[in-house]
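So the sequence lines, in the order shown, correspond to chains A and B. Quick note on numbering: the first sequence equals residues 0 to 372 in this note's numbering. Quick note on numbering: the second sequence equals residues 805 to 1112 in this note's numbering.
Please keep in mind that the hints were generated in silico from the structure rather than gathered at the bench. It is possible that part of the hints are untrue.
So the derived list for chain B, only partly shown, Cβ under 8 Å to chain A, looks like this [to be verified]: (1) Met863; (2) Leu866; (3) Pro869; (4) Asn892; (5) Ser917; (6) Ala921; (7) Pro944; (8) Gly960; (9) Leu961; (10) Leu977.
Computed list of lysine-lysine pairs in DSS-like fashion (alpha-carbon distance at most 27 Å, straight line) [to be verified]: (11) Lys993/B to Lys1019/B; (12) Lys327/A to Lys244/A; (13) Lys993/B to Lys32/A; (14) Lys1019/B to Lys327/A; (15) Lys989/B to Lys1019/B; (16) Lys928/B to Lys989/B; (17) Lys32/A to Lys989/B; (18) Lys993/B to Lys928/B.
These stretches of chain A come out as covered by chain B in the derived footprint (C-beta under 8 Å, 3 or more residues) [said to hold, decoys possible]: (19) 141-147; (20) 174-182; (21) 247-258.
In this text, all values refer to a predicted model and were calculated from it rather than measured experimentally. All residues carry an ideal CB built from backbone N, CA and C; glycine is no exception.
Chain by chain, the residues:
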Amino acid sequence: MSTQVETGDPRAAKTARGSSPIVTSRKKKVTWKRRVEVIGFTVPALIVYVAFVFVPIGYALVMSLFDGTPISPFTNFVGFENFTGIFTAERQFGQPFFWDAVRNNLLIAVASLAIQGPIALGVALMLNRRLRFRRLIRLLIFVPYVLSEVITGVIFAQILNPNGALNYVLTEWLGLEGMRFFAWLGQVGDGGIGSATFWVVMAVLTWKYVGMAIILFMAGLAGVPEELTEAAAIDGASYWQIQRKVTVPLLGPTIRIWAFLSIIGSFQLFDMVWILFGGHTLLGQTGMHTMASYMVTMGMNRNMVGYGSAVAVLLFVFTLIVALIYQKFILSRDLGSDSRAIRKADQKKARADAKAAKIAARELTAAETGQET
Amino acid sequence: MAVTVAGKPVLTSLPDEPIKHKRVWSWSQPWVYLVALVVVAFSIVPVSFVVLGGFRTNMQLLESPAGFPDPWVWHNYETVLIGDHSGNFWGFLVASILVALMTVILVVILGTSVAYAIARMNLKRSGTLFAVFAAGLMFPATIAILPTWIILREIGLLGNLLGVVIPQVAFALPTTVVILTPFVKAIPKEMEEAASIDGCGTTGFFFRILLPLAKPGMVTVGVLAFVGSWNAFMLPMFVLQVGGANINLFGLNLSRTLPLGVQNFTTQWSANTTLIMAFTAVAAIPALIFFLAMEKHIVNGLSGAVKG
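The shape of chain A in the complex, shown without the other chains (with noise of 0.2 Å):
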């Protein structure tokens, strides 16, 4: 697109002008123009956005008043009836059941924390040094999860197959003979932390994002600065104490995110259990359901839209309900002095300031009058 104007070298006319006038003098003649640049510039993105997020979502909260179907998913109004389902279904052998995949999203999220957590934090720390093949190493580590759900679900589902290799490795190896044909992937019942199949799940999903975990703890490590730790060395600290009290605090908000992350993305699951299990049918078996799957299960493999937009609101809002009060307690403190649990803080302080300075003074006093206090 061309911007010379019509009037002549307008290169000319600035330097000899100077630059300021020109713009006022221009103004009214080019307002069009602008217009029609503003346009250009915001209005193909707005269309696009709009019609694939904000619709689609709109779509959904009415969609999920109607009992409808794909072909028409506005024909038969029912009002809350979806979401009074949701919330009254029984529990039926086989079948899915939304409060299974709450309760499942809400597991994988707490043990992702608390399993890959310690462990990336502590592989970090150990890889915090200068290292022979320290970059090979990283590279390595990262390789899981530079694959995607899908890839590592099928790798994992040859694993844990009866016949695969984790069984032929727990029998020859181990000696284990019961597990020779153990359906690692196909334990029927309702799931949850009792299940074997629900930790070989969090096994893989822990193998597919602890890399990224390591990752972002070394990358956050290499930007504490190495005199804090020197200074700290030369007081006498030990190396653990360093660590406790110098690194991981510096460490917060890296650790932070990356939690933040991790619980998003265990409320959005879906690719991996979807692959490993092979659809809705062992999902529901398993009582291995997330949200996101048991929304696909009523939406398309049950032609229930309505039904499924009704999960599907319930997810976002579980969803926000959760980053919120995870953004108020927990990420607050990351966002400024502004907050209120620095200004807290910040009078707590000041009020034991003060008592210390009192405090000091009467010892001063006492001091110089030559009491005992």
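With chain A held as given, fit chain B onto it using these hints.
Here is chain B on its own, set in the frame of chain A:
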């Protein structure tokens, strides 16, 4: 604080200090390498099991799934790369590349222009515009999948690669705008003034000066969008598989992206485990190469501020 640890003076003289440093490192070093080895093994054993599995026959896999194949069998990889399944594999690869490239190009073009409008065009409502895009960060693509599926059917994009591209672009825009807007803002105002003195208007500044300067930011958002598109499974499943895509080009089957193709392949050939392994291993290679090549860009992306 005292300069003694466990009653032993540490700082008797200066030359002692680096020695102490060294000692701390030397006792821990073998353990560090051991831990590194364990973590690396943990990361790559499952992958190498599948890669090696592709070199076995199904009988070999049943008899001894661990260790190296004996003898090495090239047949599985051969059928995937040049044999019966090559039309599928290369087709899925091309489809994935097409979808990812179209997504990246659209995201970068649309995202940069909006970021420029917000940061530099002195709009009255630039704050609102930014908030509208930032609000999109709240909505994960997962929750919009059912309505997207229905809308795409209504406008006839189901079974079409564009049906994957456009929603991906829409859901990548919030991150793009949020990353690029401060980036564009950071470009010095003096540059725009200098350009304007030299006779460069808003649009001219955008194309001639801003685009080259914003390249690192664009690479970052481009890489993010590419990775998101490359790994996507749910949307392609709805649009291409459920939507019944049937796209053929020069004997290549473009009706699946790679992740979706891998998943379909495993259900279709579920009896032939080693063939699945070969297909999966080959399908994983492009992503590994891409990350190897882009690692620097990902890290340096935003740190490369305006130079000059």
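Does lysine 327/A sit within 27 Å of lysine 1019/B, going by the straight-line distance between their CA atoms?
It is violated: about 35 Å lies between the C-alpha atoms, which goes past 27 Å.
Double-check methionine 863/B for me: the hint is only fine if its C-beta lies closer than 8 Å to a C-beta in chain A.
It is violated, given that the least Cβ distance between methionine 863/B and chain A is near 12 Å, above 8 Å.
How about the region 141-147 of chain A: do at least three of its residues have a C-beta closer than 8 Å to a C-beta of chain B?
Per the Cβ count (6), the hint holds.
Interface hint for leucine 866/B, Cβ within 8 Å of any Cβ on chain A:
Result: holds, 7 Å to nearest chain A Cβ.
Is the straight-line distance between the alpha-carbon of lysine 327/A and that of lysine 244/A 27 Å or less?
Measuring from Cα to Cα gives roughly 25 Å; hence the hint holds.
For lysine 32/A and lysine 989/B, compute the direct alpha-carbon distance and say whether it is at most 27 Å.
23 Å, holds
Supplied contact hint for asparagine 892/B, tested at 8 Å Cβ to chain A:
Check failed: Cβ of asparagine 892/B comes no nearer than 15 Å to chain A, outside 8 Å.
With a cut-off of 8 Å, does the beta carbon of proline 944/B approach a beta carbon of chain A closely enough for the hint to hold?
5 Å, holds
Status of the serine 917/B interface restraint (C-beta, 8 Å, chain A):
This hint holds: serine 917/B lies near chain A, its Cβ roughly 4 Å from the closest one there, short of 8 Å.
Is the interface hint satisfied for alanine 921/B? The criterion is a beta-carbon contact with chain A at less than 8 Å.
4 Å, holds
Verify the proposed pairing of lysine 928/B with lysine 989/B, using a straight-line Cα cut of 27 Å.
Holds. Lysine 928/B to lysine 989/B sits at ~16 Å (cutoff 27 Å).
Satisfaction of hint between lysine 1019/B and lysine 989/B, Cα-Cα up to 27 Å:
The given pair, whose Cα atoms are some 14 Å apart, holds under the 27 Å limit.
When the structure is compared with the earlier hints, violations turn up for hints 1, 4, 8, 9, 14, 20 and 21 and for no others.
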